[in-house]
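Peer 1: Which chain is which? The protein sequence lines are A and B, in order.
In this text, residue positions in the first sequence follow this note's numbering: the first is 1, and each later residue adds one.
In this text, residue positions in the second sequence follow this note's numbering: the first is 1, and each later residue adds one.
Read the hints as simulated data drawn from the structure, not as lab findings.
Even glycine gets a Cβ: it sits at the ideal position worked out from N, Cα and C.
Accuracy of the hints is not assured; some may be wrong.
[Unchecked claim] Among the chain B residues that face chain A by a calculated CB cut under 10 Å, a handful are:
| # | residue |
| --- | --- |
| 1 | 2 |
| 2 | 3 |
| 3 | 40 |
| 4 | 41 |
| 5 | 42 |
| 6 | 43 |
| 7 | 44 |
| 8 | 48 |
| 9 | 60 |
| 10 | 63 |
| 11 | 65 |
| 12 | 68 |
| 13 | 72 |
| 14 | 93 |
| 15 | 107 |
| 16 | 108 |
[What the hints assert, rightly or not] Below 27 Å or equal to it, Euclidean Cα-Cα: the simulated BS3-like pairs (lysine-lysine) are:
| # | chain 1 | residue 1 | chain 2 | residue 2 |
| --- | --- | --- | --- | --- |
| 17 | A | 60 | A | 105 |
| 18 | A | 68 | A | 52 |
| 19 | A | 56 | A | 77 |
| 20 | B | 11 | A | 105 |
| 21 | A | 105 | A | 77 |
| 22 | A | 105 | B | 57 |
[What the hints assert, rightly or not] From chain B, some residues computed to sit far from chain A (all C-beta separations above 12 Å):
| # | residue |
| --- | --- |
| 23 | 4 |
| 24 | 13 |
| 25 | 18 |
| 26 | 20 |
| 27 | 22 |
| 28 | 37 |
| 29 | 38 |
| 30 | 58 |
| 31 | 70 |
| 32 | 73 |
| 33 | 81 |
| 34 | 83 |
| 35 | 91 |
| 36 | 105 |
| 37 | 110 |
The lines below spell out each chain.
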Amino acid sequence: GDSVTQMEGPVTLSEEAFLTINCTYTATGYPSLFWYVQYPGEGLQLLLKATKADDKGSNKGFEATYRKETTSFHLEKGSVQVSDSAVYFCALSDFSGYSTLTFGKGTMLLVSP
Amino acid sequence: GAGVSQSPSNKVTEKGKDVELRCDPISGHTALYWYRQSLGQGLEFLIYFQGNSAPDKSGLPSDRFSAERTGGSVSTLTIQRTQQEDSAVYLCASSLAARGSDTGELFFGEGSRLTVL
């Protein structure tokens with residue numbers, strides 16, 4: 001079955017540091033890939049997505065590139081802010097019939113001033 | 001409302017009691033999903049509705065769990081004879097999903113935190 005593996009947290013960074021959160025996946029076919037973010041006290045919301053190989057999703061300074069050869073979708077940001085502190089979830093959807101997403105376990109990011 | 005609404009936001013119950021969790025999706029969203037978020041376990045898929053029917057119930061962990069959706073809108077997740085391992089945050093999401101044709105974006109509610117004592 002489909003699965004998503006992402007690095008365990010928490011990831012602790014100082015403001016303006018470079019961020020990478022690793023995500024790899026296992027899926028049949030060619031899934032779409034997503035990063036969702038959950039800010040404290042809020043529901044999950046879509047951060048970015050990529051629907052085919054070599055696509056780059058980007059939003060709010062975050063980027064992730066769909067790498068089919070390494071089955072990866074690592075999340076990066078060049079300069080994090082305190083307001084980026086949240087839990088980040090990598091997910092995939094293979095659209096075999098509907099949009100049920102398979103999520104990773106989440107990575108907590110803590111950014112200090 | 002503009003987003004997915006879930007109630008109650010917090011529920012504390014005693015082992016063996018039944019609980020009902022409610023989800024009100026975004027108006028017009030035909031697809032509705034329930035997930036469970038446990039500490040250290042990520043998000044676990046429970047059940048998916050397309051309209052009022054549930055083509056995929058594969059994630060329901062036991063027959064104590066059931067869900068229904070009426071009028072293509074509100075959904076209720078019921079847990080009977082709750083156990084301590086049922087303690088988790090239950091998340092509801094909705095989407096404009098049509099079979100294989102949408103972008104895969106789900107819109108989540110803030111969740112219902114269930115604590116079973």
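Peer 1: Was the hint right that residue 93/B lines chain A, CB cutoff 10 Å?
Peer 2: Hint on residue 93/B: holds, closest Cβ of chain A at ~8 Å, below 10 Å.
Peer 1: Is residue 22/B truly not at the interface, in the sense that its beta carbon sits beyond 12 Å from all beta carbons of chain A?
Peer 2: 15 Å, holds
Peer 1: Minimum Cβ distance from residue 65/B to chain A below 10 Å?
Peer 2: 17 Å, violated
Peer 1: Does residue 58/B clear chain A by more than 12 Å, comparing its Cβ with all Cβ atoms of that chain?
Peer 2: Since the minimum Cβ distance to chain A is about 9 Å, residue 58/B lies within 12 Å and the statement is violated.
Peer 1: Does residue 2/B hold up as a contact with chain A if the rule is Cβ-Cβ below 10 Å?
Peer 2: 12 Å, violated
Peer 1: So is residue 91/B really clear of chain A, every C-beta pair being over 12 Å apart?
Peer 2: For residue 91/B, whose nearest Cβ neighbour in chain A is about 7 Å away, the distance does not exceed 12 Å, so it is violated.
Peer 1: Checking a non-interface call: every C-beta of chain A should be farther than 12 Å from the C-beta of residue 83/B. Is that right?
Peer 2: 22 Å, holds
Peer 1: Go through the hint on residue 60/B and say holds or violated, using the shortest Cβ distance to chain A against 10 Å.
Peer 2: Violated - the Cβ of residue 60/B stays beyond 10 Å from chain A, reaching only about 13 Å at its closest.
Peer 1: According to the definition I'm using, a residue is off the interface if its beta carbon is farther than 12 Å from all beta carbons of the partner; does residue 18/B meet that for chain A?
Peer 2: 25 Å, holds
Peer 1: When you look at the beta carbon of residue 73/B, is every beta carbon of chain A farther off than 12 Å?
Peer 2: 18 Å, holds
Peer 1: Report holds if the minimum CB distance from residue 20/B to chain A is greater than 12 Å, and violated otherwise.
Peer 2: 20 Å, holds
Peer 1: Hold the hint about residue 48/B up to the distance rule: shortest CB distance to chain A must be less than 10 Å.
Peer 2: Hint on residue 48/B: holds, closest Cβ of chain A at ~6 Å, below 10 Å.
In this structure, the earlier hints numbered 1, 9, 10, 11, 12, 13, 23, 28, 29, 30, 35, 36 and 37 are contradicted, and the remaining ones agree with it.
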